[in-house]
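Student: Construct the entire structure; sequences and hints are all you get.
Protein chains: 4
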Amino acid sequence: MIVVLRPGASPEEKQNLIAAFEGLGLRVDVSEGERQTVLGLVGDTSSLDEATISSLGAVASVTRVREPFLRCSRRQHPDSAIVQVGPAQIGGGRFVMIAGPCSVENEEQILAVARAVKAAGADLLRGGAFKPRTSPYAFPGLGKKGLELLKLARAETGLPIVSEIMSCEQLPLFEDVDLLQVGARNMQNYELLRELGRIDRPILLKRGLSATLRELLMSAEHIMAGGNERVILCERGIRTFSDYARNTLDLAAVPELHELTQLPVIVDPSHATGRRALVGPMALSAAACGADGLMIEVHNEPSKALSDAAQALDCEEFAALARRVAEVREAAQP
Amino acid sequence: MIVVLRPGASPEEKQNLIAAFEGLGLRVDVSEGERQTVLGLVGDTSSLDEATISSLGAVASVTRVREPFLRCSRRQHPDSAIVQVGPAQIGGGRFVMIAGPCSVENEEQILAVARAVKAAGADLLRGGAFKPRTSPYAFPGLGKKGLELLKLARAETGLPIVSEIMSCEQLPLFEDVDLLQVGARNMQNYELLRELGRIDRPILLKRGLSATLRELLMSAEHIMAGGNERVILCERGIRTFSDYARNTLDLAAVPELHELTQLPVIVDPSHATGRRALVGPMALSAAACGADGLMIEVHNEPSKALSDAAQALDCEEFAALARRVAEVREAAQP
Amino acid sequence: MIVVLRPGASPEEKQNLIAAFEGLGLRVDVSEGERQTVLGLVGDTSSLDEATISSLGAVASVTRVREPFLRCSRRQHPDSAIVQVGPAQIGGGRFVMIAGPCSVENEEQILAVARAVKAAGADLLRGGAFKPRTSPYAFPGLGKKGLELLKLARAETGLPIVSEIMSCEQLPLFEDVDLLQVGARNMQNYELLRELGRIDRPILLKRGLSATLRELLMSAEHIMAGGNERVILCERGIRTFSDYARNTLDLAAVPELHELTQLPVIVDPSHATGRRALVGPMALSAAACGADGLMIEVHNEPSKALSDAAQALDCEEFAALARRVAEVREAAQP
Amino acid sequence: MIVVLRPGASPEEKQNLIAAFEGLGLRVDVSEGERQTVLGLVGDTSSLDEATISSLGAVASVTRVREPFLRCSRRQHPDSAIVQVGPAQIGGGRFVMIAGPCSVENEEQILAVARAVKAAGADLLRGGAFKPRTSPYAFPGLGKKGLELLKLARAETGLPIVSEIMSCEQLPLFEDVDLLQVGARNMQNYELLRELGRIDRPILLKRGLSATLRELLMSAEHIMAGGNERVILCERGIRTFSDYARNTLDLAAVPELHELTQLPVIVDPSHATGRRALVGPMALSAAACGADGLMIEVHNEPSKALSDAAQALDCEEFAALARRVAEVREAAQP
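So the protein sequences, as listed, match chains X, G, S and R. Under the numbering used here, think of the first position of the first sequence as 1, with each following residue one higher. Under the numbering used here, think of the first position of the second sequence as 1, with each following residue one higher. Under the numbering used here, think of the first position of the third sequence as 1, with each following residue one higher. Under the numbering used here, think of the first position of the fourth sequence as 1, with each following residue one higher.
FYI, nobody ran anything at the bench for these hints, they're computed from the structure. Quick caveat, the model's predicted, so the values are computed rather than measured. One or more hints might be untrue.
[As the list claims (entries may be wrong)] A partial selection of chain G residues facing chain S, derived with a Cβ cut-off under 7 Å:
(1) VAL38
(2) GLY40
(3) THR63
(4) LEU70
(5) SER73
(6) GLN76
(7) ASP79
[Stated by the list, open to error] Negatives, chain G to chain S, calculated, CB over 10 Å:
(8) PRO7
(9) SER31
(10) PRO87
(11) ASN106
(12) PRO140
(13) GLY143
(14) PRO172
(15) LEU180
(16) ARG194
(17) GLU195
(18) ILE199
(19) ALA225
(20) GLY227
(21) ARG239
(22) GLU259
(23) ARG324
In this text, a Cβ means the ideal position worked out from N, Cα and C, and glycines have one as well.
Tutor: Below, the structure written as structure tokens:
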């Protein structure tokens, strides 16, 4: 980490600062220029907070030479990680198509969707059992029963299943779920992340609505620090002033994350846009810029399902889209 | 809730929609205008999601006549709520000054700060024991020991104490803490909110970095739905493009929240700006627009404490600010 | 336009409001429901401001049945517009590749780039002559001389040229420029837009950094209202909290604009991201979601040019990218 | 300017970079640390663009030691500027209250408002004659006639007048206007700014909806570089995700601008919030944090004026607010 001091910093301020860094076990290289002093911090700076240091009175700027994340840094891990989820592989050129309804509603629905997306080439089945709902009065999902229905659909189709976990207490219920999803609202629920770092199951970590890429990676690092390195990242839209869609899909995050980390990066165009007409185009765009997978809401009868109508594709639409995605992926190969 | 249909909506689409709403137990008043159809939904619409309905193909717009929050709605509760925290009262004209260090560091520090802020007129002592840290390698706070030191400071000064709780598992440790803070990152950790709704202790709920006011109120509703109505809201800055301070303090939220809800609203200018020079002016601004309290970081030796230096006032600065805040509050009275 | 009144609106407020609308020459259809009153405004509402009306005390919500834009509305003009720029056609399935340096520097540079991008299949040559510079002390571009050099490059390669115009006074200098670009900073410079509406030349209108799609379309309408209907829209990134790239490319705007307007929509991934490594992936994504063209910065020696190094491709990179873009476009066809 | 190179930068990259800076007439101090190289650029760096330099491959970070603005930098001009507008003085402790209608409508209206705000203690009269309207079909203001009516009101009350200028062509019409306002949409209309730098009249420069403080100051610098140093800055809200008010008033910008520049800073709570109920509280907040003035919309009959109803105070409300503002200002003095 390189700390540039303000031109007017007093000798006393310099000494205080150097002492503070040395007190943290770091070695400090001091370069005195004609008009400025630069401190090079050598040692483990991963626990230092840049924002705090850069706002100290004597400090003009702070630059990290090494990123604060280690386990998910591509500099440390040049080879792309491949995460195994049941028979499916994600990352390093292996593309995954995850599809299914927003919420598991009943046996008929989940089986119908599971069969349809399997036939269309999906690799994983998604479905919400525990739903984070803005209103405490809204239906919170089928809960444990929803997970059972997902397993039934898995038994019938062979598709591994993914569902959202909302707290540490739910962990026992998710014992037999193939991929555990952390939702955007919980991206910085560090207690949950820490628990997930201790289990032996792959985690799908969604970017928070106002999270920077560095914050997303630090949340991945929270999981990996516990020993669980099977983390998949998911871009699902950020909150901006733009008002025509639910969120703003930040697609350039895909190539940027590929540069920063070895972890696979998938895209959820359904939640990002919230509108069916935009899901297909954004799925193709995600495939074109190198995403390692897609997560798409599919419902067998979207027009009947109030909670799905806005953004879910029907099974035929999904099948047609899956074919185009495959073609775009191939065309986009360098 | 009023649903305006698109001009070209087919009779079939209308019927499907009406049937769907009736299926949810609502009565539907249909007004057929010359060029448009309007549905008035009568009944309990608090569980309906506007965004979902408004994105249905046949729907042009959705308007809530009643807000989706009930227990924290000023329409339902015209009198301002007064929340008792130990001997202190917050809301309905009772202003509260909360002060203390970002983190509890050791006995000497917390006692020195507690005595100083007490002398300067503070009503509550704040101090972090469990710290949400972006990096898994950063010091996570003193934990249980930090809470013990806070209680020691309370014993000596009589100031009630407030500290952040990060998960349901920590609840037993907070049994004797006067005011439990939910941090911005956990504003939509619904499992935690639900647990806090079941206890008999006041809750300080901070607005998330990208939360709308409605989302903040719905999170308060999650707590109150469980029976715990002692909720205090806190504006602490939102994330925007503006880059000169850590966040953008959204002060107009104070009068707006006072219109929407009976709950007290306090302001945290320290975290909102992240810079000592901005804390004082924003504290005065918050007092001028009618905030019910302030939460300010104070450290006995800010220049020595790396984690506090940027935004903490020293004890003298706090005392001087507290006097000016009192004068501005009085001047701003209508 | 449909105006839903608040439940408690008084008869007097209703009458005032109806009188106000009638005073603007509109007919008002009143539907009195059991719990709400709805006003349907019939006539030309394109000059009404929704935000103003919706914030009136008696009004609960305002819904436009007809958009406020007429000349650029796809509802009024279902067939995609095709804009002719010299021999090139843009829109309605005709894809255009615009390439060239950020700034015209000298004859050697612009000729070298023009030849290279022509060889790689570009349809238009871009180059800045008048540069909007944040600093008044920065080099403002070659001005008139830069336009002359662009014409020289056109004479040699046959490529039509596009350059940014910054004020009405510059119009005479742009007489022989094929496509006039309005930059993001001037998207709401209505005096400039009005003048451009009176000339017979196609206009490339870039989205402002914080403009909604509706505001972008209203700016197009300002040009078209003067009689000049040859407008091309350009998505070039919006300003958000996200900090890893210069701006956030809002790609879902492409399919959304295609739904709202008949005008062609192109994408500028160079300015949107500001980083060379992200330009290629975002160009492919734009092609995949149906953009009608791309605008890409290309320099013959990016590493030597301080102002171009960050985001300009070199000529070989551009040629390789152009091939992949063509393949992705084909694969993405429905 | 201090440029920190990336650890892996090659000797060739270093040499290229140094040569490029020297080619711009700068001296380059090179400090070679153990793990990093730091370049100190000495000379006039005000024309360099940090974003461009920091995105060069070999560069890790860029820090300005001197800001890119000179004429509006407090470091260069420690004493607060006082701008004279007719008999009124703004800045350096002189507070100014600017009031009047959004648009000049007719003689009766502007005279009534002018008399009322004069009686309530206003120092300047505002009124729009040329209105930037999103729709080309909306009423664009009374134009020249509006300016005449403002002058009539000035003749009667003695209040200096302020109105918005939208293009260089309008300059002759504004010859006798006391304070020329540049609207948010034109904050980066550099051609207009340059012309205003050549005249001898004070300028009120409003912050753009998505402008950083540095960009605002650079726009002031554009005016001042021409010789006109009488610039007043105005914070009027920024565009964010927050949706309860028209914009988000960024009040911490007031103390921050006071630190960065000697120029006066006023606040427009009417446009920032767009809602009458929020104008008063935000006016008090602005007074509390040290703003040098306020600009408030006042109408003699707000309920009758469609375009003013939402945010304009009536004359009595303004008079009451003006009294409270004066009291808060006094209480907030250190």
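Student: Now tell me if each hint is right for this structure.
Tutor: Evaluation of the provided hints:
1. VAL38: holds, 5 Å
2. GLY40: holds, 5 Å
3. THR63: holds, 4 Å
4. LEU70: Nearest chain S Cβ about 16 Å off; hint violated.
5. SER73: violated, 14 Å
6. GLN76: Violated: closest Cβ of chain S sits about 14 Å from GLN76(G), beyond 7 Å.
7. ASP79: With a minimum Cβ separation of about 19 Å from chain S (threshold 7 Å), the hint on ASP79(G) is violated.
8. PRO7: violated, 5 Å
9. SER31: Violated, since 4 Å does not exceed 10 Å.
10. PRO87: holds, 40 Å
11. ASN106: Non-interface label on ASN106(G) holds, nearest chain S Cβ at 36 Å vs cutoff 10 Å.
12. PRO140: holds, 26 Å
13. GLY143: holds, 31 Å
14. PRO172: holds, 37 Å
15. LEU180: Fine: 29 Å to the nearest Cβ keeps LEU180(G) off the interface.
16. ARG194: holds, 29 Å
17. GLU195: holds, 31 Å
18. ILE199: ILE199(G) clear of chain S: closest Cβ-Cβ about 34 Å, beyond 10 Å.
19. ALA225: It holds; ALA225(G) is separated from chain S by about 24 Å at its closest Cβ, greater than 10 Å.
20. GLY227: holds, 29 Å
21. ARG239: ARG239(G) is in fact no farther than 10 Å from some Cβ atom of chain S, at 5 Å.
22. GLU259: holds, 13 Å
23. ARG324: The claim holds: ARG324(G) sits with its nearest Cβ about 32 Å from chain S, beyond 10 Å.
When the structure is compared with the earlier hints, violations turn up for hints 4, 5, 6, 7, 8, 9 and 21 and for no others.
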